[in-house]
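Undergrad: What follows is the residue order along each chain.
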Amino acid sequence: MRRYSLEKFARLLENIIYSPSRNRKIELLVEYYKQTNDPDRGFAVALITNSLKLSSIRSTNLKQIIKSKVDPILFDLSYDYVGDMAETISLLWPFKKKKKLCTLSYFINFFHENSKLQVEKFLISQLDKASTTERWAIIKLFTGGLRIGVSEKNAKVSLSKFGNVNLDQIEKIWHGFSPPYVKLFSWLEKGGPIPKIDILKTFHPMMLADQIDLKNDFRKLSPDDFEAEWKWDGIRVQLIISDTETVIFSRNGDNITNSFPELRFKTNRNVVLDGELLVGGDLNPTSFNDLQQRLNRKKVSKGILQKFPAFIKLYDILFQDFKDLRSMKFSSRREILENWYNSNKQDNLDLSSIIFFENWKDLTKVRNKFLQSSNIYEGIMLKKKNSIYYNGRPKGMWYKWKRDPKSVDAVLMYAQRGHGKRSSYYSDYTFGVLDGKNLVPIGKAYSGYTNEELDKLDKFVRKNTIQKFGPVREVEKTLVFEIAFDSISKSKRHKSGLALRFPRISKIRWDKSPEEIEDLKRIKDFYKLS
Amino acid sequence: MHLLDYRLNIVPINVFIDPQYPVEKAIITHAHADHAKPGHKKVLGTKETLEIMKLRYGKTCAGEFQYINYGQKIQIDDVSITLYPAGHIIGSSQVLLEYKNHKIVVTGDYKTKKDTTATSFELVKCNTLVTEATFGLPIFKHPDPNKEVRKILDSIKINNDKDHLIGVYALGKAQRLIKLFRENGFDETIFIHGALNKICNYYEDKGINLGKLKMLTKDSFDIEPKIILAPPSALKDRWSRRFKKKIISQASGWMNIKQRVKQSLIEIPLVISDHADWNELTKTISNCGAENIWVTHGREEGLVHWCTRKGLNAKPLSIKGRDEEI
Ligand SMILES: [Zn+2]
Ligand SMILES: [Zn+2]
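As they're listed, the protein sequences go chains A and B. So the first sequence is residues 1180 to 1709, counted in my numbering. So the second sequence is residues 78 to 403, counted in my numbering.
Hints are computed from structural coordinates only; laboratory data are not their basis. Hints should not be assumed to be uniformly reliable.
[Unchecked claim] DSSO-like cross-link-like pairs, simulated, lysine-lysine; straight-line CA separation at most 27 Å:
#: 1; chain 1: B; residue 1: K218; chain 2: A; residue 2: K1248
#: 2; chain 1: A; residue 1: K1340; chain 2: B; residue 2: K322
#: 3; chain 1: A; residue 1: K1275; chain 2: B; residue 2: K360
#: 4; chain 1: B; residue 1: K256; chain 2: B; residue 2: K191
#: 5; chain 1: A; residue 1: K1492; chain 2: A; residue 2: K1574
#: 6; chain 1: A; residue 1: K1278; chain 2: B; residue 2: K228
#: 7; chain 1: B; residue 1: K392; chain 2: A; residue 2: K1248
#: 8; chain 1: A; residue 1: K1232; chain 2: B; residue 2: K339
#: 9; chain 1: A; residue 1: K1242; chain 2: B; residue 2: K218
#: 10; chain 1: B; residue 1: K228; chain 2: A; residue 2: K1213
#: 11; chain 1: A; residue 1: K1623; chain 2: A; residue 2: K1638
#: 12; chain 1: B; residue 1: K313; chain 2: A; residue 2: K1635
#: 13; chain 1: B; residue 1: K339; chain 2: A; residue 2: K1638
#: 14; chain 1: A; residue 1: K1700; chain 2: A; residue 2: K1656
#: 15; chain 1: A; residue 1: K1340; chain 2: A; residue 2: K1308
#: 16; chain 1: A; residue 1: K1246; chain 2: B; residue 2: K322
#: 17; chain 1: B; residue 1: K224; chain 2: A; residue 2: K1278
#: 18; chain 1: A; residue 1: K1308; chain 2: B; residue 2: K228
#: 19; chain 1: B; residue 1: K234; chain 2: A; residue 2: K1340
#: 20; chain 1: A; residue 1: K1674; chain 2: A; residue 2: K1477
#: 21; chain 1: A; residue 1: K1486; chain 2: A; residue 2: K1674
#: 22; chain 1: B; residue 1: K190; chain 2: A; residue 2: K1277
#: 23; chain 1: A; residue 1: K1351; chain 2: A; residue 2: K1445
#: 24; chain 1: A; residue 1: K1213; chain 2: B; residue 2: K339
#: 25; chain 1: A; residue 1: K1340; chain 2: B; residue 2: K321
#: 26; chain 1: A; residue 1: K1279; chain 2: B; residue 2: K256
[Unchecked claim] Just the calculated beta-carbon pair ranges, DEER-fashion:
#: 27; chain 1: B; residue 1: Q149; chain 2: A; residue 2: G1328; range: 30 to 38 Å
#: 28; chain 1: A; residue 1: H1598; chain 2: B; residue 2: N237; range: 31 to 39 Å
#: 29; chain 1: B; residue 1: D314; chain 2: A; residue 2: L1400; range: 42 to 50 Å
#: 30; chain 1: A; residue 1: I1645; chain 2: B; residue 2: L200; range: 40 to 48 Å
We treat Cβ as the ideally placed atom computed from N, Cα and C, and that holds for glycine.
Working from the sequences, and respecting the hints, build out all of it.
TA: Pasting the structure below:
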């Protein structure tokens, strides 16, 4: 059964991308789990859900290898036509005789255990033995993201179907396992009690809020059913405090504890908490720009620590002394949280306060007043008093009522092919504003347009191309976008000296001329960033 | 004076090859719509090409029809014209022009691979080759078509509760695919969309046996699962919604590009083409002996580059409306 493991995995990927329906993809996965042994099937899940990265070889290495094997100009033309690196290389790789490949787990272990040079040699030997589809699958494995249309959620659904268990059960323990998930598969296959996970070391899926629909939701919602809280403009975290250690996870489950050495807490009872990580002295948050000075840093200098001290505002509690509180209602959890907080007061830890209000009009007034006075609020959160702590984003439980977006008029400068479904479209746009007489790029947008608009934009790009650089086209600088964004900050990484947060196209201004776009200096003055 | 200009006008005698607009005199390489247009005063071509034109556009689609056999030389003033089989579809031809010791071959659409529904391609030596380039990039290497049709034959065994809808062009591809099914042992009735009926009958009349075919009518939709051939446009149309349980397939040379398959929501891609792939294109260029290569009909840039590398004089020749696979 193990003999043709990598071949089988390649066939699985190919079948999945050719299956238009979500259900069919899930069926194919279930079928695959049944016919595949450990640890290969677990590695397959890890690869599909992007929880395993084989990064020692980059696609640029492979591009060099293929360019030494085939005419580089024909390679470039082919790549421009196909739009996908793995697929182009797999189609151009000089064909040799098809021979048996190694197993999936052997392949992965080889990547992890050997030097880059050895890995490269091994990879070439496997590609030489592979069919076109197998080559495509192999290259996909390490060129980042399989993009085969199976989300992590769908992978979990397939596991729940395979084991005939509830999806929620899998969600709750998922982060307690790591690839190749042998224990998880053993439970799914043979049954028995739910496998235990280490609650104090595991990220627990977070509950997320729906965007509020101003027109419809407020009319239907009763203010008595809801509590309101500030939505702080920091990063959402999960905080685990035990008598031996503090662990901080980002909302995606990345462990970010080491970036915040000042956040080490004591407790009289083990707890898993939900909160917002912010920067500022004496528990007074400053802007998101300041917080950015602390993100993605491997080492934290003393100077930075003093200038941008971090702290956490607590929203919620999930576990206390190994007791799962998630099935309790919000108001009861809040009570437990307050009790814990009051008996564990310490530096760098604060409780996010509840906003008192009588009715929606009241709350609107408060919101407008505070949001105007300071940029430390991202908006208001509304939480249903009787909501249990769900995994993910349930309907009608929590709402976020965000600050109205800011916007700027900018001109389209470059366009790049998208990925997956959009790989035949120029769907990723770089836009710029005036810097004196020149244009300077200030950001990229991938969203905000409808499918019809995408069609038009794609046509515009193809018709107005001035130059091509691989998958990127430089276009005639004539098309104006209204770009919406959540906030703006100074940035050394960008030529413009600015970085936009969540930029997206809010309107395509076919009507506007590029003379009407914004000027860099005016933007800097307006947002006090000069 | 040039013998042939970029519009494929044979200048000394003012005869166009596959012109896009009505002209006095035209040579038609084959009956696909991007080559055969109605409205010319006089058309020359193989019997099959001109008969299919009449079948599709009506008996008066040209003022005068002159049939030419493969290999039969026609002299017009100083230019002699001979048609050779192109292996693309029934009646398809290459055009050899001879003028003052200079030989030009216009390949039209062609393939060199085996196809029992078309006369096999014949290599013609020449000084200048005007080649098509539908699949003029090295990513295009068409596999054995027998292996491709077996994908469907395997699938109908496993998915025996589903209709298999296969997108094919009505002229050429449909008949070749049916023939391939027969050659691989499938002798049950194959169902065809109404748009395919006329041409299938024509092939039958020409002695190409396609086996049991049945045109789909309103009352034949609900009968047991079947293989159905239809134009690709019908698969995206409301027409295909009548089939409740179905697997969508398409036979085309583009089907080797996974992204393209995925975008078209094709579940079983059949990489079968009536055009030459990269290897066939480059081999023909090498073997025909021509030192001048004009490249048209598709991805010219790659093939021009390849020719230039080989020390040949090559240039692209763009003709509007011809870069898809017909
Ligand atoms: Zn054509
Ligand atoms: Zn054709």
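Undergrad: Decide, hint by hint, whether the structure agrees.
TA: Status of each hint after checking the structure:
Under the criterion of a C-alpha separation no larger than 27 Å, the hint pairing K218(B) with K1248(A) is consistent with the structure, at around 17 Å. As the CA atoms of K1340(A) and K322(B) are separated by approximately 23 Å, the hinted pair is consistent with the 27 Å bound. Annotation: proposed proximity of K1275(A) to K360(B) holds, straight-line Cα distance about 20 Å (limit 27 Å). The straight-line distance between the Cα atoms of K256(B) and K191(B) is roughly 12 Å, inside the 27 Å bound, and the hint therefore holds.
Between K1492(A) and K1574(A) the alpha-carbon distance is near 25 Å, which keeps this suggested pair within the 27 Å criterion. Using a Cα cut-off of 27 Å, the hinted pair K1278(A) and K228(B) holds, with the two alpha carbons roughly 21 Å apart. Restraint check: the Cα-Cα separation between K392(B) and K1248(A) comes to about 25 Å, which is no more than 27 Å; the hinted pair holds. At roughly 25 Å between alpha-carbon atoms, K1232(A) and K339(B) fall within 27 Å of each other, so this suggested pair holds.
Taken as a hint, the K1242(A) and K218(B) pair is honoured in the structure, with Cα atoms around 20 Å apart against an allowance of 27 Å. For a cut-off of 27 Å, the pair hint linking K228(B) to K1213(A) stands: about 23 Å separates their Cα positions. Our distance criterion of 27 Å between C-alpha atoms is met by K1623(A) and K1638(A), whose separation comes to about 19 Å. Distance hint between K313(B) and K1635(A) is fulfilled; the C-alpha atoms sit about 21 Å from each other, no more than 27 Å.
In summary, the hint linking K339(B) to K1638(A) is supported, as the alpha carbons are separated by about 21 Å, within the 27 Å threshold. Under the criterion of a C-alpha separation no larger than 27 Å, the hint pairing K1700(A) with K1656(A) is consistent with the structure, at around 20 Å. A C-alpha spacing of about 35 Å is found between K1340(A) and K1308(A), which places the hinted pair above 27 Å, so the restraint is violated. Simply put, K1246(A) and K322(B) have alpha-carbon atoms about 45 Å apart, too far for the 27 Å limit, and the pair is violated.
For the proposed pair K224(B) and K1278(A), the alpha carbon gap of about 19 Å is at most 27 Å, so the pair holds. Our distance criterion of 27 Å between C-alpha atoms is met by K1308(A) and K228(B), whose separation comes to about 23 Å. Of the pairs offered as hints, the one joining K234(B) and K1340(A) holds, with about 25 Å between alpha carbons and a cut-off of 27 Å not exceeded. For the suggested pair K1674(A) and K1477(A), the alpha carbons sit about 24 Å apart, so the restraint of at most 27 Å is met.
Distance hint between K1486(A) and K1674(A) is fulfilled; the C-alpha atoms sit about 25 Å from each other, no more than 27 Å. Restraint check: the Cα-Cα separation between K190(B) and K1277(A) comes to about 23 Å, which is no more than 27 Å; the hinted pair holds. Only pairs whose Cα atoms come within 27 Å are accepted, and K1351(A) paired with K1445(A) is accepted, the gap being roughly 26 Å. Pair hint K1213(A) plus K339(B) holds up; C-alpha atoms about 26 Å apart against a cutoff of 27 Å.
This hinted pair checks out: K1340(A) and K321(B) have alpha carbons roughly 25 Å apart, not beyond 27 Å. Distance check on the hinted pair: K1279(A) and K256(B) sit about 34 Å apart at the alpha-carbon level, beyond 27 Å; violated. A C-beta distance of roughly 55 Å is found between Q149(B) and G1328(A), which places it outside the suggested range of 30 to 38 Å. Taking the beta carbon of each, H1598(A) and N237(B) are about 36 Å apart, inside 31 to 39 Å as hinted.
Restraint check, D314(B) to L1400(A): a C-beta distance of roughly 44 Å satisfies the suggested window 42 to 50 Å. With their beta carbons about 42 Å apart, I1645(A) and L200(B) fall inside the hinted range of 40 to 48 Å.
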